[in-house]
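Please construct the entire structure, taking both the sequences and the accompanying hints into account.
Number of protein chains: 2
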Amino acid sequence: MDIIRDELAELGEALVLDPLALDELRADKSGHVASAAPLALVEARTIEHVQLALRFASRHGIPVVPRGAGTGLAGGAVGDAGELVVSTRRMDRILEISADDELAVVEPGIINADLNARLAQHGLWWAPDPASKAISTVGGNIATNAGGLLCVKYGVTREAVLALKVVLADGRLISTGHRTVKGVTGLDLTALFIGSEGLLGIVVEATLKLRRVPAGEPVTIGASFGDVADAARAASVIATSSVRPAVMELLDARALEMLRTWFQAQGETVDLPGGAYLLVQTDGADAAREAQELLPIIASLGGVAQLAPDAEAGERLLRIRRSFHPALESRGTVLIEDVAVPRSALPAMFAEIDRISSEFDIPIPTIAHAGDGNLHPNFVLPTRATGSALDVPEHVWEAASELFRAALRLGGTLTGEHGVGLLKKRWLGDEIGDMQLELQRGIKAVFDPQGLLNPGKVL
Amino acid sequence: MDIIRDELAELGEALVLDPLALDELRADKSGHVASAAPLALVEARTIEHVQLALRFASRHGIPVVPRGAGTGLAGGAVGDAGELVVSTRRMDRILEISADDELAVVEPGIINADLNARLAQHGLWWAPDPASKAISTVGGNIATNAGGLLCVKYGVTREAVLALKVVLADGRLISTGHRTVKGVTGLDLTALFIGSEGLLGIVVEATLKLRRVPAGEPVTIGASFGDVADAARAASVIATSSVRPAVMELLDARALEMLRTWFQAQGETVDLPGGAYLLVQTDGADAAREAQELLPIIASLGGVAQLAPDAEAGERLLRIRRSFHPALESRGTVLIEDVAVPRSALPAMFAEIDRISSEFDIPIPTIAHAGDGNLHPNFVLPTRATGSALDVPEHVWEAASELFRAALRLGGTLTGEHGVGLLKKRWLGDEIGDMQLELQRGIKAVFDPQGLLNPGKVL
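Chains as they are written, first to last, in the numbering used here: chain A, 1 to 459; chain B, 1 to 459.
Do not rely on the hints blindly, as some may be mistaken.
Note that the list lumps identical chains together, so a pair holds whenever it fits in one copy or between two copies.
In silico SDA-like pairs for lysine to any residue, Cα to Cα no more than 20 angstroms straight-line [claimed, not checked]:
#	residue 1	residue 2
1	Lys153	Ala215
2	Lys209	Gly284
3	Lys425	Leu452
4	Lys153	Ser98
5	Lys209	Ser98
6	Lys29	Gly226
7	Lys209	Asp100
8	Lys29	Trp397
9	Lys209	Thr240
10	Lys209	Ser241
11	Lys153	Asp286
12	Lys209	Val237
13	Lys153	Asp100
14	Lys425	Asp391
15	Lys153	Gly284
16	Lys425	Glu402
17	Lys425	Ser175
18	Lys209	Ile97
19	Lys29	Pro326
20	Lys153	Glu315
21	Lys209	Leu408
22	Lys29	Arg212
23	Lys425	Asp354
Keep in mind the hints are simulated off the structure, nothing from the lab.
Being a predicted model, the structure only gives us computed values, none of them experimental.
Below is the structure:
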């Protein structure tokens with residue numbers, strides 16, 4: 001500790017040693033809590049702060065955990081005993097907005113929704129749209145290659161980043177990528193950094209590819225189905241129709257049941273009949289016509305559709321989906337899984353979830369980004385005492401393992417958008433195999449030969 | 001040679017030793033011709049053929065040049081003395097087309113246009129659209145992260161590939177990526193392979209992300225302007241309007257001049273007045289309305305627009321642009337450059353091209369994918385004798401150097417979509433710097449520790 005105080009003194013108030021503050025770094029939103037608090041926190045305000053911290057850490061062989069707002073769902077940003085946490089949360093300035101080039105240059109700590117509020121003043125928009133956008137940072141979105149509700153139409157984070165500045169493990173600063181949409185000079189390090197979960201370096205600046213805000217108001221449809229198989233089929237037919245929805249979310253029977261109880265407890269009456277609910281939103285100049293085209297498709301597959309008469313009513317329908325996690329959290333600690341399967345395998349994956357739920361006798365309320373086959377099955381655990389480690393009973397891990405295996409069998413992946421972090425590390429080899437693990441570790445060693453960045457996570 | 005004949009005997013007719021056939025491998029479409037023919041050619045029919053060839057090469061330390069149709073513009077696939085060329089051109093089967101999951105699984109040797117002809121029967125389409133699509137392979141498109149005319153709206157190759165099978169330098173086979181649109185398990189090796197120009201492995205299978213063919217007919221506008229600055233400004237205003245064109249191509253005065261002469265020599269009359277020509281195409285259900293919206297924009301910036309009354313007339317307008325390279329080639333050997341700048345810098349880059357053209361007293365006819373700031377300035381050299389090395393006079397290289405420096409100064413890149421290969425290698429360090437070069441070489445060494453894949457190219 002003395003060595004930290006001495007050698008990092010020039011960081012001033014950016015160096016945080018307060019035990020209460022350090023204790024908070026043991027957790028993120030995954031439910032995982034580290035066994036002990038990290039050594040210290042550097043709340044960087046500048047690129048130089050990050051470089052200073054990493055030069056210090058590499059000099060002394062101290063492990064470093066990069067962190068943004070701490071909203072990760074896989075334990076990728078939790079600090080543990082003996083580690084130095086370097087947060088870029090306070091580096092939250094917008095350095096440039098160019099409407100002509102449809103790009104913005106930002107520091108990594110800016111909150112996704114705050115950035116988009118500023119961009120909206122210019123008629124612009126950064127498409128990555130994780131459900132956490134009100135609390136997660138752009139840097140975190142980049143570290144996990146975040147997806148979200150809108151990526152069925154607008155792509156994931158990797159498709160919305162042009163260039164990066166990254167501080168390497170030894171404190172050196174590199175710039176990757178271009179201010180241009182195209183550019184093929186050498187290996188694509190920008191793409192490699194996106195989704196690398198803090199293993200290769202700390203992103204300290206990003207040039208983001210923007211879009212124009214779509215014209216007009218989005219139009220929203222809520223549709224009730226008898227069961228999830230019918231709803232999944234409808235999603236599949238819609239996805240292959242000529243209409244490309246911006247949002248397509250599917251809630252299963254367990255999810256609806258929990259929502260009904262939750263809304264009732266809030267004293268609200270929400271009409272949620274049936275065994276599955278499909279929420280579809282179209283946007284752009286043709287939103288209304290496109291929504292009209294979807295109504296007969298939904299009806300022909302047994303759905304009862306409700307077309308929101310205006311944007312405000314549409315927001316009320318979307319609120320049903322947004323209330324899902326609060327509803328779960330009111331019952332305990334939530335372990336959110338994140339499998340993805342080819343879209344056509346969505347009904348099969350729901351059937352597998354049903355089977356696993358019965359076999360292990362655990363309710364697994366599930367919501368899916370149906371347009372891209374990404375499902376979030378949830379386990380609700382008894383709420384733990386504050387600050388204690390996540391207490392996941394072994395049979396829940398077994399059920400989760402079964403889920404992952406089922407997704408892989410169906411041609412899918414164990415994480416669509418949350419990342420591997422600590423929580424999914426033990427299954428990574430099952431998906432990518434030993435040869436690829438070895439290559440990935442080799443790449444990691446090129447960037448971080450001492451193995452100091454986020455040790456013990458992902459690989 | 002005996003060792004090749006002996007140890008690769010089981011390849012049968014996939015092993016090619018015919019001197020005439022080997023001689024052809026000294027060149028691609030870049031104009032570069034290697035000093036001597038390679039040792040041998042493996043025209044792989046199967047993944048096992050590729051593995052066999054690479055196991056053999058790594059056993060004996062023989063350099064390997066991966067090759068597709070040989071249409072590259074940077075010399076990335078030319079075979080030289082002592083090298084083994086491994087071609088995947090004959091691995092051209094479509095293994096699967098899934099309309100439900102909007103994906104296709106293909107071998108790398110299939111020609112882009114042939115694939116799209118087959119996909120069209122299912123109402124599907126693979127978006128990467130290099131001008132070479134009638135002759136270039138999907139594997140080559142992946143190796144260079146090919147762009148093209150349509151990527152202003154539909155993105156580059158990296159955004160249209162889900163998964164790869166790759167044979168590594170030592171003959172091992174790995175699978176990267178997913179059949180799902182989302183997936184974040186570990187580092188993104190799929191993205192790393194895309195655009196890696198044969199340095200990291202040989203792609204032997206690709207899972208491609210498809211789109212539905214847009215509804216309706218595309219609508220085409222051709223517009224004449226007084227000079228290229230006005231036309232570039234119009235392109236910029238269109239690009240930031242609410243309309244997103246599928247194609248936006250710009251030809252400068254020199255290009256038009258050559259086209260006029262060429263059409264005349266063909267005995268054709270084509271109306272091409274003015275000092276610059278802008279070609280814009282809209283597509284999708286709203287194509288006609290969108291095109292109408294562009295007409296007043298063009299007029300307000302001094303352009304004289306001609307709206308094609310039907311798709312056939314639109315094709316005639318597009319033919320003007322497609323005739324550009326034949327027109328150049330009729331005058332000599334063409335050296336095509338490929339700089340890209342932020343879109344707002346397009347007028348400035350055209351001014352730089354004008355300046356360099358005057359300073360070096362060389363005509364530099366230029367065409368631009370104006371929607372994404374990608375310019376192809378061309379040098380026409382006296383036609384060389386067949387099979388002799390590209391004879392680029394030093395002052396042409398100097399003019400090209402000036403072009404690259406200008407593009408970098410404007411925040412751009414020295415290659416937007418053709419790749420580095422041999423031809424741009426000497427400028428790569430200027431763009432990405434020594435630290436990044438070192439990291440890229442480190443990654444290369446992880447995949448290819450003996451340095452056998454495409455040695456002397458790119459890095």
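Within, between, both or neither: Lys425, Glu402 at alpha-carbon 20 angstroms: Answer is within; shortest intra-copy Cα gap is 15 angstroms, inter-copy 49 angstroms.
How do Lys209 and Ile97 come out at 20 angstroms by Cα distance, when the copy is not named: within, between, both, or neither? This pair counts as within: shortest intra-copy Cα distance 10 angstroms, inter-copy 31 angstroms.
Between copies, within a copy, both or neither: which fits Lys153 and Glu315 at Cα up to 20 angstroms? For Lys153 and Glu315, only the intra-copy Cα distance (19 angstroms) is at most 20 angstroms; the inter-copy one is 29 angstroms.
Alpha-carbon proximity context of Lys425 and Leu452, limit 20 angstroms: Answer is within: at 17 angstroms inside a copy they meet the 20 angstroms cutoff, but 33 angstroms across does not.
As a check of your reading, is Lys209 near Gly284 (CA-CA no more than 20 angstroms) within one copy, between copies, both or neither? within (19 angstroms within a copy, 23 angstroms between copies)
Tell me, please, which holds for Lys425 and Asp354 at an alpha-carbon limit of 20 angstroms: within, between, both or neither? Classified as neither: same-chain Cα gap 25 angstroms, cross-chain 56 angstroms, threshold 20 angstroms.
Intra- versus inter-subunit Cα pairing at 20 angstroms for Lys209 with Ser241: between (28 angstroms within a copy, 16 angstroms between copies)
Homomeric proximity label, Lys153 with Asp286: Cα distance no greater than 20 angstroms: Answer is both; intra-copy 14 angstroms and inter-copy 17 angstroms each pass.
My question is about Lys153 and Ser98: at a cut-off of 20 angstroms on alpha-carbon distance, are they close within one copy, between copies, both, or neither? between (23 angstroms within a copy, 19 angstroms between copies)
How would you label the pair Lys209, Thr240 (within, between, both, or neither) given a Cα cut-off of 20 angstroms? Answer is between; shortest inter-copy Cα gap is 13 angstroms, intra-copy 27 angstroms.
Within a copy, between copies, both or neither: which one fits Lys29 and Pro326 at a CA-CA cutoff of 20 angstroms? Answer is within: at 13 angstroms inside a copy they meet the 20 angstroms cutoff, but 59 angstroms across does not.
Quick one: Lys29 to Arg212, C-alpha cut-off 20 angstroms, is that within a copy, between copies, both, or neither? Neither: 32 angstroms inside a copy, 38 angstroms across copies.
Checked against the numbered hints above, the structure violates hints 6, 22, 23; every other hint is satisfied.
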